[in-house]
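> Residue numbers (this note's numbering), protein chains in the order written: chain E, 109 to 423; chain B, 109 to 423.
No lab work stands behind these hints, which were simulated from the structure alone. Treat the hints with care, since some could be wrong.
Identical copies look the same in the list; a pair holds intra-copy or inter-copy alike.
[Stated by the list, open to error] The calculated lysine to any residue pairs, modelled on SDA-like cross-linking and capped at a C-alpha distance of 25 Å, are: (1) LYS211 <-> GLU226; (2) LYS401 <-> HIS126; (3) LYS211 <-> GLU374; (4) LYS122 <-> GLU272; (5) LYS218 <-> ALA142.
Number of protein chains: 2
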Amino acid sequence: MYKENLIKVHQRIKPYIHNTPVLSSRLINEITGASLVFKCENFQKMGAFKMRGATNAIMQLSDKQRKKGVVTHSSGNFAQALSLAAQSLGVKAFIVMPSTAPKVKKDAVKSYGGKIIECEPTLIARENTAKKIEQKEGATFIHPSNDMDVILGQGTAAKELLEEHPDLEYIFTPIGGGGLIAGTALSARYFGNNCKVIGGEPFEVDDAYRSLKSGYIESNTSTNTIADGLKTQLGDINFPIILQGVEMIIRVTENEIVNAMRIIWERLKIVSEPSSAVALAALLKEKETYKNKTIGVIISGGNVDVNKLPFNQKN
Amino acid sequence: MYKENLIKVHQRIKPYIHNTPVLSSRLINEITGASLVFKCENFQKMGAFKMRGATNAIMQLSDKQRKKGVVTHSSGNFAQALSLAAQSLGVKAFIVMPSTAPKVKKDAVKSYGGKIIECEPTLIARENTAKKIEQKEGATFIHPSNDMDVILGQGTAAKELLEEHPDLEYIFTPIGGGGLIAGTALSARYFGNNCKVIGGEPFEVDDAYRSLKSGYIESNTSTNTIADGLKTQLGDINFPIILQGVEMIIRVTENEIVNAMRIIWERLKIVSEPSSAVALAALLKEKETYKNKTIGVIISGGNVDVNKLPFNQKN
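Same shape as in the complex, but just chain E:
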């Protein structure tokens, strides 16, 4: 059922996204003992895979809905993605952001034409403020990860990767809100050749790992990780897809994340986010298991503040 949907979604969003390059490195293959290809969504428009889902979600709206605009709450990549996707499609985007969000993130949203509404830095304040915008403006709320149109959009990254490399045995992605890995699981199922999907998750925010164990959506009590894109939790729409389609989740330490990030920067020569490095960190952690396998790794994004890189710290 989802196969046709994924094909239609991909066709629909193609004019608005990049088919991002796939890179590989002899040295990373030597380090891991596997044959790796990296799908570089850091080169996606606005710098992350989120552009795919945001574009698809807006394109699925009626003309009447589009006229009223869209609203989300996010201080991360989805805020920028929804702003740019809306701008490309001539739609207004209202972005609810905590007043404490860094200026650099607010500036990025503004540069893509998003209208920022500030609120207190709590989840309840964010949700309430977004609700008010829905009521006042008639804007349609679009969730960053727990939305089927968003999930299918994110799945097109793995679809492109499998079109280029149909015989991948595994795809590794980071797991945060669950939109990317759920979409990846669907694409792996319908376009892969017995391709399994593995998630990488920081120990510090291991809600998805625990959710897969318990069968219920678990939460994090603290969010003390450098992988700032992975602090969110799963939702009722993506969780069943993840339960069914994700082989396992491997947890990694903060040092392992920085180490993997260093390898990506030094060997692949690309600027990528700490969240992106979590997938490679997971593979490195269990590399004996994946020796000689053919593996795709999704580099989810490249929006970092180069003034605040983790490399100066001793690891």
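We have chain E already, so just place chain B on it with the hints.
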């Protein structure tokens, strides 16, 4: 005359090099007011365009010469390039390096199978040590930039770029020892459509700028620049090609280099060397002149120590 040579050289080295990707950025186009494409030699094998020239130079040797090996003096990318090219071709590489060279650079040479011979950190000691290796081992000396086989090899980067974008009006490259820009000038002449070549050079090491003014090869008295690949001077083989084929050289300050490097990292999402940023810095400096032009920029390499990035400093 060089047209046939460039075609043959390119054909010869193709199995040993990457046809590197070409990237662009809507935001950088907005910043410059021009239409830019970036030829990403940071993705080249061993991380820099030098792999092209080193490979060609070794492939031009006789079987007898190959058996005796090759020798160069370099503490930069050419040391790694000659080591890896030699390894790929089953040839020994002797690399003369100053005893003061950073461990990370020595380790890189070793990882590509190069045999390091240390010497005092002066140009005379380097040249004398290389001479001794030539005599003792019978190895063939290969100069990093002042060698026609090396120049033609480096020219294949611009040849690939022009094959993909035949209507470029300008190509910007950094200028250091002169190998890259000389090769680029030849490719622009034979494969471009009235394509002009512009060099970017740090004020701190503006020997090439002064050489083009005076008509003689000038030297630098100090080398106080972050663009560590551009401290070397022109040679008698590449200088005539540069005099004839390079339109002009634009000098940039250290702050302008770091600013351009930041734009490349943040917008193109690629890891590139300070030397690479000098070409974009030159364009940014004179952007009014190049408004609405179609321009190629060669990103020369990506070998940086991520522990020592310039971004933390205030610019």
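> Checking against the hints above, which ones are violated?
Hints that this structure does not satisfy do not exist here, as all of them hold.
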